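Could you build the full structure based on these sequences and the hints that come with them?
Residues 1 to 117, numbered by my numbering, are exactly what the sequence shown covers, in order.
Derived by calculation from the structure, the hints in this document are not laboratory data. Computed from a prediction, not measured in an experiment: that's the story for all the values here. Watch out, some of these pointers could steer you wrong.
To be verified - Simulated pairs of lysine-lysine, DSBU-like, Cα-Cα distance not exceeding 30 Å: (1) Lys-110 with Lys-94; (2) Lys-70 with Lys-94; (3) Lys-94 with Lys-104.
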Amino acid sequence: MVFFVLLWMLLIAAGAGGTMWYTEQARIAVTSDLERQTSAQIAALQSAYDQRLAQVEQDFEAELTTLSGKVDQLNELLTFTKDNATDRTDNSNKLYSQINEVKKQLDELKKSLDVLK
Numbered sequence: 001m002v003f004f005v006l007l008w009m010l011l012i013a014a015g016a017g018g019t020m021w022y023t024e025q026a027r028i029a030v031t032s033d034l035e036r037q038t039s040a041q042i043a044a045l046q047s048a049y050d051q052r053l054a055q056v057e058q059d060f061e062a063e064l065t066t067l068s069g070k071v072d073q074l075n076e077l078l079t080f081t082k083d084n085a086t087d088r089t090d091n092s093n094k095l096y097s098q099i100n101e102v103k104k105q106l107d108e109l110k111k112s113l114d115v116l117k
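Structure follows, in structure tokens:
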């Protein structure tokens with residue numbers, strides 16, 4: 001009878017030990033599978049992030065180039081305006097006004113001459 005009880009205790013202990021071993025092996029397998037899947041998802045997300053970041057950088061550089069061109073054009077226009085706003089331009093405008101006045105006076109003199117004839 002003692003042998004029978006010892007045999008049952010040995011079987012129960014072996015079953016408990018086997019269960020613990022199988023549970024540990026299952027935990028290791030699930031953990032490694034989960035780690036592999038997580039690594040794959042992280043790699044996919046990193047790749048997508050890198051692509052989006054590269055696209056944003058490319059778009060930003062293109063927009064910056066366009067904006068730089070517009071700024072250069074504006075600077076050229078401002079330089080042209082500044083160069084044309086010198087005293088010479090003012091003198092040219094005054095000269096043009098004086099020429100117009102002389103032309104008007106000449107026209108009046110022509111009319112007066114025609115009247116005298």
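Each hint, compared with the structure:
1. Lys-110 with Lys-94: holds, 24 Å
2. Lys-70 with Lys-94: violated, 34 Å
3. Lys-94 with Lys-104: Holds - the C-alpha atoms of Lys-104 and Lys-94 are around 15 Å apart, at most 30 Å.
This entry does not satisfy hint 2, going by the numbered hints stated previously; all others are met.
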